[in-house]
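2 protein chains.
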Amino acid sequence: MDKEIVFGHTNPDTDAVGAAMAAADYFKHQNVETEAVALGKPNEETKFALDYFHLTMPRVIEKADTEKVILVDHNEANQSVANFNDLTITHVVDHHKIDLKTDAPLFYHAEPVGCTSTILFDFYQKDQIEIPKGIAGMMLSAIISDTLLLKSPTTTDQDRKAVEQLAKIADVEDYQAYGMELLKAGTNLANRTNHDIIEGDAKSFEMNGKKVRIGQVNTVDIDEVLNRPGLKEDIEQELKTQGYDDILLVVTNILDSNSKGIFYGVDQIAVEKAFDGPVNDHIIDLPGVVSRKKQIVPNLTKEME
Amino acid sequence: MDKEIVFGHTNPDTDAVGAAMAAADYFKHQNVETEAVALGKPNEETKFALDYFHLTMPRVIEKADTEKVILVDHNEANQSVANFNDLTITHVVDHHKIDLKTDAPLFYHAEPVGCTSTILFDFYQKDQIEIPKGIAGMMLSAIISDTLLLKSPTTTDQDRKAVEQLAKIADVEDYQAYGMELLKAGTNLANRTNHDIIEGDAKSFEMNGKKVRIGQVNTVDIDEVLNRPGLKEDIEQELKTQGYDDILLVVTNILDSNSKGIFYGVDQIAVEKAFDGPVNDHIIDLPGVVSRKKQIVPNLTKEME
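Just so you know, the sequences run in chain order A and B. Each residue of the first sequence is one higher than the one before, starting from 1 at the first, in UniProt numbering. Each residue of the second sequence is one higher than the one before, starting from 1 at the first, in UniProt numbering.
Just chain A, with the same shape it has in the complex:
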């Protein structure tokens, strides 16, 4: 049997890594020989989770080195491996919108829940397969990360239930306290360059033919991020060198669930309409906005088209 690698999107976050580890384990029970890999180095938050549960980061790749692959937490070519179009995708487990064309039928399961790991939790439950403790810890961390400790508008009852159960399996007594530690680990920007912050979690979206890059960074002090020397100039530089039409970097305060955006590009009017306020000196206030998927992408897509 051919091995199949399992991976999440580029610029991996905790769900991209955790869901890959969980899916690699889960699909082994379906008689698929798997290996979890990642399309980039772990961020500070993911490192914290891996350390906490005594796990090793999956191997980092740029190009898939097996013909058959399993995708988690993404399905779009522009968020995936370089050789995406040469591969046979056998399974997808995801919680995003779909933009995919395949040549053959495959296993595809998506649900509009807060996190891919929530879906995998349900797979394990329905098939009555035991979740290894460490993997449960990564899945728990992934859900906390994607839902900002169950506060994001993407959060569903399924996510809440999965967190409760996974915390038990992972031996995490107080998931609120663990979750706040985890999220804070992700906000430690001291060792990160401006480029890390701009690109660390960025994804590309095609909106009405335009190439729109949207990043997000979590913090406990939005102004501290906005005032980083050279950050705006570096975003402007990134726009020019990468050929994006627009870049929006969303800076989110995990303590009060508000954001501000830094915007560079040609579609300022669409951005102002999408978020109902002015862009002043490249900054737009985004009160109550925490979810790229539920609040930023759909609103901006609508105004762009």
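Keep in mind that a hint or two might mislead.
If several chains are the same, the list does not tell them apart, and a pair holds so long as it fits within one copy or across any two.
Subject to a maximum C-alpha distance of 27 Å in a straight line, what follows is the list of computed BS3-like cross-link-like pairs (lysine-lysine) [as the list claims (entries may be wrong)]: (1) K47 with K151; (2) K294 with K68; (3) K293 with K101; (4) K133 with K294; (5) K294 with K184; (6) K273 with K63; (7) K101 with K232; (8) K126 with K28; (9) K210 with K151; (10) K293 with K3; (11) K68 with K273.
Don't read these hints as lab results, they were simulated from the structure.
Starting from the structure of chain A, add chain B where the hints point.
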């Protein structure tokens, strides 16, 4: 709560109708208000199944009349309702390749099994929901139809298991005997015009920018179909009036699982390469070919691209 209509592809076959009825019932248990509808009149086979289980054909529509919809047995716009791009797809249950782009996350479940109804059978089982007898009968009929009584190469163990179980729930004592009756009902071409035969089960595929129309008709006597007066001329006419680049009508003998194809169009060389034999006077021999999805579409796509 808004009602959501549930439908299969245009030119509905027994799975497009049966899976819509099953999904409408299943998703009611998930608190979605549903109505099964169909994108065309039932064929002779589907009529036989509906009559056998004392069921009424779902309402036939061309345009969706609810904003939210559930798709079964298809996901591609060109096999769906006219106003496809104005709709919000909330759920998809399918067993075909994927060619879909959505604006928002949704529930999407596909598996590479022989029939959509097999997947829905598994949904019912995993959630321990009882399948109504008539719906079990339609699901059984759909699997028999899609897999040519479990003989098509698309058939999986899941399909076989579902047929066994559904036959019990539907009170069908001998599913082999019932299945042969059902398939034969679908081969009764006496009351069908050439146009019915050409278009009855036809689907459009985009292959390397070309518009390829592929139909399939079941029979117990291939020559009887090939010798129908005016059939070839009517295919040639259809090609011209509808602006297709190619039309392939696959005529399948359900008794010995062989086919012959009638081909008109500009890509004869690709067709000859795809099926490893000559097209003589617009006829090509297709020994052992019974599955459009598994044998015809992938082979032809490969040669076209």
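* **Numbers of unmet hints, in rising order** => Hints 4, 6, 7 and 9 are the ones this structure does not satisfy, whereas the remaining hints hold.
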